[in-house]
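Engineer: In order, the protein sequences belong to chains X and H.
Its first residue numbered 15, the first sequence is counted upward by one per residue in our numbering.
Its first residue numbered 541, the second sequence is counted upward by one per residue in our numbering.
The set of hints was computed from the structure by calculation and includes no laboratory data.
Check the hints yourself; a few may be wrong.
[Stated by the list, open to error] Covered stretches of chain H, going by a simulated chain X footprint (3 or more residues, C-beta under 8 Å):
1. 566-573
2. 579-593
3. 603-616
4. 632-646
5. 661-673
6. 679-686
All C-beta atoms, glycine included, are put in the ideal place defined by N, C-alpha and C.
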Amino acid sequence: MTADDPAGCPVNLSGRTALPPVTRRALLAGLGAGAGALVLGLRLGGPGAAELRPIALNAWLGISPHGAVILVDRSEMGQGVHTALPMLLADELDYPWDRIAVRMAPVGPAYRNPILGAMATGGSTSVRAGFLPLRRAGAAARIMLVEAAAALWRVDPADLVTADGEVRHPPSERAVGYGALAPLAARRPVPATIPLRGRADWQLIGRPIPRRDVAAKTDGRATFGIDVRVPGMVYAAIRQCPTFGGTLAAVDTAALTEAERAEVRLVQLPDAVAVVADGWWRARRTLDRLAIRWDRGANASNHTDAIRARLTAALGRAGTRVVDRGDVDAALAGAARRLDADYHLPLVAHLTPEPMTATAEVTAERCTLWVPTQAQSLYREVLPDLLGLAPDAITVNTTYLGGGFGRRFEADFGIQAALIARAVGRPVQLIWDRAEDVRHDFYRPAHAGRVTVALGAEGEILGWHHRVAGPSIMARALPQMMRDDIDMTTIEGLHDQPYALPALRIDAIRQEVGVPVGFWRSVGHAINAFVLESMLDEVAHATGRDPFALRRALLAGAPRHRRVLERLAEVAGWHDRPLAPVAGARRGRGLALHGCFGTIVGEVCEVTVFDDGRLAVDRVVAVIDCATVINPETVDGQVRGGIIFGLSAALAQAITIQDGAVVETGYRDHPVLTLADSPEIEVELLKSDAAIGGVGEPATPPIAPALTNAIFAATGRRLRSLPVAAHDVRAAAPPAGVDG
Amino acid sequence: MVRLTINGTPIETDADPEMPLLWLLRDRLDLTGTKYGCGSGLCGACTVLIDGRAVRSCTVPAGTVTGAVVTIEAVADARHGFTPDQARLADRVRRAWIAEQVPQCGYCQPGMVLAALALLAVDPAPTEPAIAAAMTNLCRCGTYDRVRRAIRRAADDRG
Numbered sequence: 015m016t017a018d019d020p021a022g023c024p025v026n027l028s029g030r031t032a033l034p035p036v037t038r039r040a041l042l043a044g045l046g047a048g049a050g051a052l053v054l055g056l057r058l059g060g061p062g063a064a065e066l067r068p069i070a071l072n073a074w075l076g077i078s079p080h081g082a083v084i085l086v087d088r089s090e091m092g093q094g095v096h097t098a099l100p101m102l103l104a105d106e107l108d109y110p111w112d113r114i115a116v117r118m119a120p121v122g123p124a125y126r127n128p129i130l131g132a133m134a135t136g137g138s139t140s141v142r143a144g145f146l147p148l149r150r151a152g153a154a155a156r157i158m159l160v161e162a163a164a165a166l167w168r169v170d171p172a173d174l175v176t177a178d179g180e181v182r183h184p185p186s187e188r189a190v191g192y193g194a195l196a197p198l199a200a201r202r203p204v205p206a207t208i209p210l211r212g213r214a215d216w217q218l219i220g221r222p223i224p225r226r227d228v229a230a231k232t233d234g235r236a237t238f239g240i241d242v243r244v245p246g247m248v249y250a251a252i253r254q255c256p257t258f259g260g261t262l263a264a265v266d267t268a269a270l271t272e273a274e275r276a277e278v279r280l281v282q283l284p285d286a287v288a289v290v291a292d293g294w295w296r297a298r299r300t301l302d303r304l305a306i307r308w309d310r311g312a313n314a315s316n317h318t319d320a321i322r323a324r325l326t327a328a329l330g331r332a333g334t335r336v337v338d339r340g341d342v343d344a345a346l347a348g349a350a351r352r353l354d355a356d357y358h359l360p361l362v363a364h365l366t367p368e369p370m371t372a373t374a375e376v377t378a379e380r381c382t383l384w385v386p387t388q389a390q391s392l393y394r395e396v397l398p399d400l401l402g403l404a405p406d407a408i409t410v411n412t413t414y415l416g417g418g419f420g421r422r423f424e425a426d427f428g429i430q431a432a433l434i435a436r437a438v439g440r441p442v443q444l445i446w447d448r449a450e451d452v453r454h455d456f457y458r459p460a461h462a463g464r465v466t467v468a469l470g471a472e473g474e475i476l477g478w479h480h481r482v483a484g485p486s487i488m489a490r491a492l493p494q495m496m497r498d499d500i501d502m503t504t505i506e507g508l509h510d511q512p513y514a515l516p517a518l519r520i521d522a523i524r525q526e527v528g529v530p531v532g533f534w535r536s537v538g539h540a541i542n543a544f545v546l547e548s549m550l551d552e553v554a555h556a557t558g559r560d561p562f563a564l565r566r567a568l569l570a571g572a573p574r575h576r577r578v579l580e581r582l583a584e585v586a587g588w589h590d591r592p593l594a595p596v597a598g599a600r601r602g603r604g605l606a607l608h609g610c611f612g613t614i615v616g617e618v619c620e621v622t623v624f625d626d627g628r629l630a631v632d633r634v635v636a637v638i639d640c641a642t643v644i645n646p647e648t649v650d651g652q653v654r655g656g657i658i659f660g661l662s663a664a665l666a667q668a669i670t671i672q673d674g675a676v677v678e679t680g681y682r683d684h685p686v687l688t689l690a691d692s693p694e695i696e697v698e699l700l701k702s703d704a705a706i707g708g709v710g711e712p713a714t715p716p717i718a719p720a721l722t723n724a725i726f727a728a729t730g731r732r733l734r735s736l737p738v739a740a741h742d743v744r745a746a747a748p749p750a751g752v753d754g
Numbered sequence: 541m542v543r544l545t546i547n548g549t550p551i552e553t554d555a556d557p558e559m560p561l562l563w564l565l566r567d568r569l570d571l572t573g574t575k576y577g578c579g580s581g582l583c584g585a586c587t588v589l590i591d592g593r594a595v596r597s598c599t600v601p602a603g604t605v606t607g608a609v610v611t612i613e614a615v616a617d618a619r620h621g622f623t624p625d626q627a628r629l630a631d632r633v634r635r636a637w638i639a640e641q642v643p644q645c646g647y648c649q650p651g652m653v654l655a656a657l658a659l660l661a662v663d664p665a666p667t668e669p670a671i672a673a674a675m676t677n678l679c680r681c682g683t684y685d686r687v688r689r690a691i692r693r694a695a696d697d698r699g
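So that you can see chain X by itself, here it is in the shape it has in the complex (with noise of 0.2 Å):
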């Protein structure tokens, strides 16, 4: 994770650099010849380079008379937190930010993310559990380098100033680098007060500062997974049992020649079969030449009619009430008028834009890992039983990420490669092909939601019922984050929902669906949001009120989120500018806004639907409140792609089962949105005096509800299931208004 490293210099800190550097410069040189092995450190070259090491002053940071490196310990996918992160540091260090390397941490105790209680990245987390411990150690580091001068210099240290990455004694004019001072800093006791730098003093935060990946992403240099390259190593395509839950019976090689079976291995997994060869795309051919036997298993007649059955009876059931304010029998006993509605919600992939990948090599004594991974710790965890090793042998180094969302928590591809390496007994390198990826994915969830919603005689909410079904993520993924059996990913957004209802009610019903789930961009949010911000819609339609003003009404405890909404309504021309009429078609706009991961976020969605049922989505107007903004450039782009990757899914994305098979296989049945269809997106940042907010995932949940409202508000088609594509949008609305 080097390529864009601007300092040359080799880091030490822990004992370990992310990733051997290569570049690609060896190639061009003259292809083929000595490809690929020039180490970054070489630039330093000659006696004296180990003198130049950086000194560790923490975990984070080291310094060098060449220069300063900053580890970061959260994973690189796309978010900018390898910016963003050296930006918190740094802002304390009066230190020059072009002079500063940044790389990836190893795994390690201190690099543990404190709100996922492991070296993970995820949960919109990165920059607000790092916002004051990288600050700290910034400030800490400065303290220390400045106390080192005041003892190297017999003065007071309150005498002493720092800029540009010197200390600087003013009154006799002296100065001296951090580099020379480092190995008397680091030597120094952390100091027991750690003043920080109030907002007007920031130096860096708050700065549209360039991201240090972009260089290198935009030519090629930077390293992801797949790119790995290590002496020796072989290549591995895979076939997994095709339903979840079953195993590999037998394999039949008879279709390969003599000449084949003597340049692939076979290697049998409990579940799948993977082909090693000297290239990806021999390994992969082999694959399709094997005959595979397959024990399906239980989930074998798993169907997505059956799921949604499954889903809809659980509604029935009593689940756990994990939300009773108010009375909401009395509410509906005593309701002018009650809102009734079904949701429902398809399983949906990632489809990461590098398929699932790792390289691995493994010997008697130890377990190395080059992966793109948001869960260093985990292999650490799950790797030591499996291969027979102690944890500290495991060594994961994190590589660029080609894309995350939520799928690369998953250890799932990087265990495969571990275990296929010690088969074949040198480094493999395993690439899912799309096929299996789509087919393998842990899935955002199936879900079904029913809301009652209880309407006063002006039309008033007295009270709302929310029942949600769907299978838990966290009972597999994380089953320390239960709480009495609810898994709290199926009813966030809910149960903290910022609408003054004066009664609610919310249940969870479990039920599984036999098909993997997963962390999927924003979990429940997105799913629930979606719900919840609908039936609102449907409530103001009901009830002949405009939905902003619904909104505005009940979000008088809400001030954060009322600010957010009014400036949308200013932003997007709610009230003033309405929608040009385009020939051979309506046009609709809708709004959602939801808060999650401590930020807020609503969003107008404009779309005209033409006559023969064509769905354009012109336009989407974002206001976003993540309380502090950390680098605006990185913030915009995350609502963006936010918006983007909700729209993708609202869209046209769902997963069938089929006799317990995913039937999708890549981007033709589960199509991402392309530039062209892509709408113009503006965005606006609002700051605020709350605890800083996440930024990578809260731009998600809304879309999907300004969406379908905005269809809503073109064509009076109410669209209470997803993906927009399997309902018939054309402008005439069926008498009841709704398409289920």
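Chain X is fixed; fit chain H onto it per the hints.
Structural biologist: Positioned in the frame of chain X, the structure of chain H alone reads:
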């Protein structure tokens, strides 16, 4: 036996002629800037230039390639494989991409950059519909806005 010119360098390998160009580049020549994304020519992560046109290398058998292949590595170091005009354009696109801070995860971006190069080479000032028609590479991070802006910036920058 496969004979090709890649980034200005003639090469000869004993690779299977049926091997897609993508895997020849990645596994035989260690040119890993060209990415595997879908193997079906849908996502564009494997885009290379062949005689200046954007081509999805995952569906092109290496043995069928007769034109000069240029990969993203040439954008990193334009001394290889480009004419002086192409090198100037590549540099403009690269600088525009950085100025607009286009990449997020970055996996699709080498393909995006080469697709933009191919577009700007034949249409130095593309309209929005022309950009939309040419830029069919998929980006899961949703960098499309910035891709559009970077292409406009590179177009405006021509001197």
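Engineer: Each of the hints needs a verdict: does it hold here or not?
Structural biologist: These are the hints, each one checked on the structure:
With 8 residues bearing a CB less than 8 Å from a CB of chain X, the stretch 566-573 of chain H meets the requirement of three and the coverage assertion stands. Counting residues of the stretch 579-593 of chain H whose C-beta sits closer than 8 Å to any C-beta of chain X gives 5, which meets the bar of three, so the coverage hint holds. With 6 residues bearing a CB less than 8 Å from a CB of chain X, the stretch 603-616 of chain H meets the requirement of three and the coverage assertion stands. With 9 residues having a Cβ less than 8 Å from any Cβ of chain X, the stretch 632-646 of chain H passes the three-residue criterion, so the hint holds.
For the stretch 661-673 of chain H, the stated coverage by chain X is satisfied: 3 residues place a CB nearer than 8 Å to a CB of that chain, which reaches the threshold of 3. Beta-carbon proximity to chain X at under 8 Å applies to 8 residues in the stretch 679-686 of chain H; the threshold of 3 is reached and the given coverage holds.
Checked against the numbered hints above, the structure violates none of them.
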